[in-house]
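A.B. asks: With the hints as a guide, bring the two chains together.
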Amino acid sequence: MEAGVQKKVEQILRGELRYTSSNLALNMLISKMQKRIQADPGSMSACIDELDLFIAKYPIVAKVDLANIAAL
Amino acid sequence: MFITLEETIELINKGKTLHIAGDEGLLDKLPRGNWIGGTTPYFISEEGGVFSKERLFVNEIDYGQETRIASYGKYNVFQIVEECYDNGLTMLLMPYGSDVARKYAKEAPEVDELLMHPVIGWITGMDLELGGQVQARVYDGTVGESYTDRAVVMYIRLPEGKSAMVNMINIFTDDKNDPVIRFFDNDLSVTKCTVDGVETNFAEYIGQKGLDPRMPLVADYNGSYINTSIMGVENGAVGFYAPVFKNIDYRFATKVSDYAGEFKKRVDEAQAKSPVFTCNCILNFNYGELNGKKLSPYVGPVTFGEVAYQLLNQTLVYCEILG
Chain A
1 MEAGVQKKVE QILRGELRYT SSNLALNMLI SKMQKRIQAD PGSMSACIDE
51 LDLFIAKYPI VAKVDLANIA AL
Chain B
1001 MFITLEETIE LINKGKTLHI AGDEGLLDKL PRGNWIGGTT PYFISEEGGV
1051 FSKERLFVNE IDYGQETRIA SYGKYNVFQI VEECYDNGLT MLLMPYGSDV
1101 ARKYAKEAPE VDELLMHPVI GWITGMDLEL GGQVQARVYD GTVGESYTDR
1151 AVVMYIRLPE GKSAMVNMIN IFTDDKNDPV IRFFDNDLSV TKCTVDGVET
1201 NFAEYIGQKG LDPRMPLVAD YNGSYINTSI MGVENGAVGF YAPVFKNIDY
1251 RFATKVSDYA GEFKKRVDEA QAKSPVFTCN CILNFNYGEL NGKKLSPYVG
1301 PVTFGEVAYQ LLNQTLVYCE ILG
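In order, the protein sequences belong to chains A and B.
Residues 1 to 72 in this note's numbering are what the first sequence spells out, letter by letter.
Residues 1001 to 1323 in this note's numbering are what the second sequence spells out, letter by letter.
Since the hints were derived computationally from the structure, they do not count as laboratory data.
It is possible that some hints are incorrect.
[What the hints assert, rightly or not] Incomplete in silico selection of chain A near chain B, CB under 7 Å:
1. Met28
2. Ser31
3. Tyr58
4. Ile60
[What the hints assert, rightly or not] Take a look, some chain B residues computed to stay more than 10 Å from chain A by CB distance:
5. Asn1034
6. Lys1053
7. Ile1061
8. Phe1078
9. Lys1103
10. Met1116
11. Thr1254
12. Ala1260
13. Asn1291
14. Ala1308
15. Tyr1309
The C-beta atom is built at its ideal place from N, Cα and C for all residues, glycine as well.
The following block holds chain B by itself, in its conformation from the complex (with noise of 0.2 Å):
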C-alpha cells in the first residue's frame, strides 16, 4: 500500500510489523517499532509508477507467525543463512554503494545452503537527479537507526505446510547462436574477457560490435536468465551492476526493440496470484517508461537491485506464500 507519513505512523504504533519503502526525509520521522526500511523516491504503486517524496510503500507482514529483526556488516552478512527460520523467508535490504552490498553481490552464488532458504530483498538507492549528495540507507525500525554501510534482515518464520517461493519477471533471453562471453574472475569492473574462448578487451568488444548497453549480459541458469547490467566504460573498464562470475557463459541479451511492451507482457504471463512483496529495477522503470504505468498486483518500491538468492539486476522479483 502506497500511503502517507501519518498512515504509516499509525501502523507502526499499532503494533504492525512492516517492511517500508520511502524517502530518507519521511523514513527518518518512524518511530521505533517492528518495522524494517529502505531508501527510495521511485516505486510501483497501485496506482503505477511514480516518483514521490511524500508517500510510502508499505507492506504489512501478516502471514508470518514470528518475525526478528538484525542487521548485519560485511564480515558476518552471510549469517543470515544459520540465523534464519528453518521454515520462513528473509527479507534483505542493503543500501547501495555499500561494502555489505558488493560482498554479497559477488559471494553469495557460492554460499552453501542459500538456496535451501528463501531470500527476497532490494539494494536501496536515492533520488537520481541528487546523484552523489546522498546516500541510499536502510532502517532497522527497532531500534531507531539507519545505516548506510550496514544490511538489515527481518527473518520471517511461516505457519507449517506454508512455504515461500521466490520468483523474478525478466524480458531478457539470448540467442544461442552469440558468442559465449567468459570472465576470469567474480568482479563488479573487468577489462578483458574472453568470447568463444578468444581473449578480448571487453570495452572495445561492445564498441566494435556496437551492442546497446541497455542491454544487460544473460546467463542462462538451467531455463531462469540471470542478468548482469552494464553501468559503463570508465578508463578503459567495464563496469556492472552486479558482478560477473567466473566460469560462466554469458550472452549479450537478444535486442528488445519494444521494451515497455515486451515488459507488460512477461508480467501478464507470469500470473502471480497475490505477491506479499514485489520490487522493481530502476532500469526497467526508466528504460520501460513505466512511470505512470499500471503492474498490479507487482506493486512496491523500485530498487537500485533486487536479490532473489542473489543479486539480480533489471528484474521484477517476487515472493508468493504457498499452501
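Bound conformation, chain A alone (with noise of 0.2 Å):
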C-alpha cells in the first residue's frame, strides 16, 4: 500500500475518517478492524498487512477504493 493512502487508512481503521465502500466484504473487514484496534491499539500493523492481502487478492475490486480513499 502506498504511503498517503496507508496514513489515511489507518484514520479510517482508528475511526478518524469516515469511508464506506461499495464492497460489502471491504466494509465488513474495516468494521471488524475498527473494534479490533478500538480493544488493541497496538494491532494496527497486523490490520494494515492483512488489509494488504485483501487488496492483493481482489485487485480489480480494490483499485476502485484505493483511488477513492487517496482522494479524501
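C.D. replies: And the structure:
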C-alpha cells in the first residue's frame, strides 16, 4: 500500500476518517478491524498487513477503493 | 432461468454445472449430475415473484473453470475457508432450522480469513402453509443425496483476472439518535439487553416502545447495514432469524412506510448489470408484496436466510463476476 493511502487507511481504522466502500466484504473487514484496534491499538500493523492481503487478492475490486481513499 | 422439471433434467444430462432451487417433490426427481440444490417453493422469476411447485429456478455455472461439490456437518462447516479455490466463489446452502445453519450463523463473523474468500448462499426453506410438516433440504447431485442436517457447498474456480463480488440490497437503515441496544452474547434468542448502557428486558422494551417487529434490528458495519430480523416472542424471550452478537451496536431500523416502494427504489439504485446469482428473503417477499412484481436482473430463489459471507436477514444478496 502506498504510504499516503496507508496513512488515510490508518485514520479510517482509528475512526478518525469515514470511508464506506461499495464492497460489502471491505466494509465488514474495516468494521471488524476498527473494533480490534479499539480493543488493542497495537494491532494496527497486523490489520494493515491483512488489508494488504485483501487488496492483493482482489485487485480489480480494490483498485476503486484505493483511488477513493487516496482522494479523501 | 425458471424452467420445468423436464428442461432441468435435460440440462443435468447434458453435463451442465447447475445450482437448482425448487420444491422437494421436483428436486427428488432429478438425476445425479454436477449440481447442488435446495428447497423453496418461492421465487423471483424473470416474470416476477411467484409461488410454484411446478417449476425450478436454475442457475447455470458457466463462468467457472472448475467446480467441486462437498457437504459438511456442524463440526466441520468452516473447512470451507481452507477447501475453497484461491480465486473463486463458494456457494453455500444450509437447511432452515439445522444445527449446521445455527453454527454457521453464530460463528461465521469470527472466523479468520472468511472475508478473504467470497461466500454466497442461502438457507433453504419450505412452503410456509405446511408449517412444521416438512423439513428444509439441501441436495448434492453428484451423489444423489439430500440432507436436512448438512450444508452443501459448490466451490467454483474463476479464471485468472476475474473476481467474484458479493453484495446486497437492504432497504433498512438506522437513526443515530435512537438508543443503542447491545446484547450479552452471540445468540438466536435473548431476554436481556442493554439500552444506552442500562440493562433492560428486551421483550418488554419492544412492547413499551410499540416497535414494529417487521422492522429488523440493524447494525452499521462501516456503512453496510446488517439486519437481524425478529421471529417472535416466546416465554419472555425474543427470537431472531439470525443471531445477535455481543460487542455490536444495534438500533431498530427506521420505519419504512412504503416497504414495496422502498424496495423497488433500492433495486433501481443498485445497478448490477448481470448478477450470476441472486437470492431474496422471504420476509421481503411477504412484507414487500413481491408476488407478481418484476425485479430483473435480480432473479432467483426466495429464501429463509441469505449468506453473504455471514448469515443475513431481510436482504437481497447477489454476486457479480468482475474483470
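A.B. asks: Each hint: holds or not?
C.D. replies: Now for the hints, and whether the structure bears them out:
Look at methionine 28(A): its Cβ gets to within about 5 Å of chain B, closer than 7 Å, so that hint holds up. The interface hint given for serine 31(A) holds, since its Cβ lies 4 Å from the closest Cβ of chain B, which is under the 7 Å cut-off. With a least beta-carbon distance of about 5 Å to chain B, the hint placing tyrosine 58(A) at the interface is held under the 7 Å criterion. Restraint check, isoleucine 60(A) versus chain B: the minimum CB separation of about 5 Å is within 7 Å; hint holds.
The beta carbon of asparagine 1034(B) sits about 27 Å from the closest Cβ of chain A, which is more than 10 Å, so the claim that it is off the interface holds. Under the 10 Å C-beta cut-off, the non-interface status given to lysine 1053(B) relative to chain A holds; the minimum distance is some 33 Å. Non-interface status of isoleucine 1061(B) relative to chain A is upheld: no Cβ of that chain comes within 10 Å, the nearest being about 20 Å off. In this structure phenylalanine 1078(B) is separated from chain A by more than 10 Å, as the shortest Cβ-Cβ distance comes to about 16 Å.
Lysine 1103(B), annotated as away from the interface, keeps every beta carbon of chain A farther than 10 Å; the closest lies near 19 Å. Listed as a non-interface residue, methionine 1116(B) fails to keep its Cβ farther than 10 Å from every Cβ of chain A; the least gap is roughly 6 Å. Under the 10 Å C-beta cut-off, the non-interface status given to threonine 1254(B) relative to chain A holds; the minimum distance is some 18 Å. Listed as outside the interface, alanine 1260(B) is consistent with that label: its C-beta sits roughly 24 Å from the nearest C-beta of chain A, beyond the 10 Å cut-off.
Even its closest Cβ contact with chain A, about 27 Å, leaves asparagine 1291(B) beyond 10 Å, as expected for a residue assigned away from the interface. With a least beta-carbon separation of about 6 Å from chain A, alanine 1308(B) fails to lie farther than 10 Å from that chain, contradicting its non-interface assignment. The claim that tyrosine 1309(B) lies off the interface is violated: its Cβ sits roughly 6 Å from the closest Cβ of chain A, which falls inside the 10 Å cut-off.
In the structure shown, a violation is registered for the earlier hints numbered 10, 14, 15, in ascending order.
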